[in-house]
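Enquirer: All chains, full assembly: derive it from the sequences and hints.
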Amino acid sequence: MTHALLALGKKVRIVDTGRTSLSDDPPPGVTLFPVDIRETEKIAELAAGVDLAFHIAANANGTLSITEPRLDFEINALGTFSFAEAMLAAGVRRVVYVSSASTYGTPRKFPMDEEHPNRPFVPYGASKLGGEVSCLALHHACGLPVVVGRPFCVYGPGENPREAMVEVGRFLRWHLNGAPIQIVGDIDGKTRDFVHVTDLVAGLLTLADRGRLGEVYNIGSGTETSMRGLVDVIGEVTGRKPAVDAITEIEDDTYRLVADIAKIEALGYRPAVSLHDGVRDLARALGPAPELPGAPTIFARGQHAER
Numbered sequence: 001m002t003h004a005l006l007a008l009g010k011k012v013r014i015v016d017t018g019r020t021s022l023s024d025d026p027p028p029g030v031t032l033f034p035v036d037i038r039e040t041e042k043i044a045e046l047a048a049g050v051d052l053a054f055h056i057a058a059n060a061n062g063t064l065s066i067t068e069p070r071l072d073f074e075i076n077a078l079g080t081f082s083f084a085e086a087m088l089a090a091g092v093r094r095v096v097y098v099s100s101a102s103t104y105g106t107p108r109k110f111p112m113d114e115e116h117p118n119r120p121f122v123p124y125g126a127s128k129l130g131g132e133v134s135c136l137a138l139h140h141a142c143g144l145p146v147v148v149g150r151p152f153c154v155y156g157p158g159e160n161p162r163e164a165m166v167e168v169g170r171f172l173r174w175h176l177n178g179a180p181i182q183i184v185g186d187i188d189g190k191t192r193d194f195v196h197v198t199d200l201v202a203g204l205l206t207l208a209d210r211g212r213l214g215e216v217y218n219i220g221s222g223t224e225t226s227m228r229g230l231v232d233v234i235g236e237v238t239g240r241k242p243a244v245d246a247i248t249e250i251e252d253d254t255y256r257l258v259a260d261i262a263k264i265e266a267l268g269y270r271p272a273v274s275l276h277d278g279v280r281d282l283a284r285a286l287g288p289a290p291e292l293p294g295a296p297t298i299f300a301r302g303q304h305a306e307r
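For the sequence shown, position 265 matches number 265 in the numbering used here, and the numbering has no gaps at all.
Any given hint could turn out to be false.
[What the hints assert, rightly or not] Under the rule of at most 25 Å between Cα atoms (straight-line distance), these lysine-lysine pairs were calculated in the DSS-like manner:
#: 1; residue 1: K10; residue 2: K42
#: 2; residue 1: K190; residue 2: K109
#: 3; residue 1: K190; residue 2: K241
#: 4; residue 1: K109; residue 2: K263
#: 5; residue 1: K42; residue 2: K11
[What the hints assert, rightly or not] Listed next, with one range per pair, are the computed distances between beta-carbon atoms:
#: 6; residue 1: A262; residue 2: L8; range: 38 to 48 Å
#: 7; residue 1: A285; residue 2: D245; range: 17 to 27 Å
#: 8; residue 1: A243; residue 2: E215; range: 37 to 47 Å
#: 9; residue 1: E265; residue 2: R228; range: 21 to 31 Å
#: 10; residue 1: A90; residue 2: R280; range: 16 to 26 Å
#: 11; residue 1: K241; residue 2: D16; range: 37 to 47 Å
#: 12; residue 1: L52; residue 2: R280; range: 24 to 34 Å
#: 13; residue 1: K241; residue 2: A89; range: 49 to 59 Å
#: 14; residue 1: N160; residue 2: G214; range: 43 to 53 Å
#: 15; residue 1: G9; residue 2: N118; range: 48 to 58 Å
#: 16; residue 1: L292; residue 2: R270; range: 27 to 37 Å
These aren't lab readings, by the way, just hints derived from the structure by calculation.
Glycine included, C-beta positions come from ideal geometry on N, C-alpha and C.
Expert: So this is what it looks like as structure tokens:
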């Protein structure tokens, strides 16, 4: 996102409590501020004179959202409310809140449009929905100029392997290290909508430019890919058939997921990176022996909840 904004001639302020790829040597036009989004007054001071704000800061670690749900909610829900208050106080012209497809919960129709019910079944999805609802309520009641994007399964260079839960990077890291790919759930019945980070950025810029305030937009590829399909693409890209270990007894992770992107396509958004090209480029960026990912799933073996 930062590089895309710089390419548009923007000056960028990054607010983040952790280290980023730009921490050691930020390029011209970028200023870093180590401030927590829950610090409303400090955020409002930093937002003074800002024309456009993207709220991307979050706990994105699904495992942490289960082991420490209160912390997850404090950051993603209460932190977002504090951020939104700060944007109102600073008079920012437009805010783009990056929510998550996790807010939907288990899909009940395919593809999923923005009118699909929100029934998240993990704390992360609930906390992101809390942030989303807060932003939309402040829009309608107080005039917060916000538009919401719900990304689906984002992958690409720069992700943290210990926190990222999207299968593309995880599968590649195992395979490039010569380890079996750990597939949780039904290899054919489990599907996802994988969207490259470049297309996510394009979608967010589209919302910043043309999204209707107070509205929610899916950001995905609009293409449904099974776990077997992803494994096949990885084999094609690397020229080596992947070994697979299937963890089939965990049922919570087996469901179909694909975005209906007609609403954002009406604004001119078009996903441009195919899964094959995205996997190929990510494999090149990772190299032959990248850092291995964390646990293969946030769910426990034998766990299954009705939802």
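Enquirer: Give a verdict on every hint.
Expert: Hints versus structure:
1. K10 with K42: holds (22 Å)
2. K190 with K109: Satisfied, since the Cα-Cα distance of roughly 15 Å is no more than 25 Å.
3. K190 with K241: Holds, at about 20 Å.
4. K109 with K263: Holds, because 16 Å separates the two Cα atoms, which is no more than 25 Å.
5. K42 with K11: holds (19 Å)
6. A262 with L8: 38 to 48 Å: For L8 against A262, whose Cβ atoms are near 26 Å apart, the range 38 to 48 Å is violated.
7. A285 with D245: 17 to 27 Å: holds (25 Å)
8. A243 with E215: 37 to 47 Å: holds (45 Å)
9. E265 with R228: 21 to 31 Å: holds (28 Å)
10. A90 with R280: 16 to 26 Å: Taking Cβ atoms as reference, A90 and R280 lie about 42 Å apart, which means the hint is violated.
11. K241 with D16: 37 to 47 Å: Given range 37 to 47 Å: holds, Cβ gap about 40 Å.
12. L52 with R280: 24 to 34 Å: With a Cβ separation near 33 Å, L52 and R280 satisfy 24 to 34 Å, so the hint holds.
13. K241 with A89: 49 to 59 Å: This hint holds: roughly 56 Å between Cβ atoms.
14. N160 with G214: 43 to 53 Å: violated (32 Å)
15. G9 with N118: 48 to 58 Å: Given about 37 Å between the Cβ atoms, the range is violated.
16. L292 with R270: 27 to 37 Å: For L292 and R270 the Cβ distance comes to about 34 Å; the hint holds.
When each numbered hint is compared with the structure, violations occur for hints 6, 10, 14 and 15.
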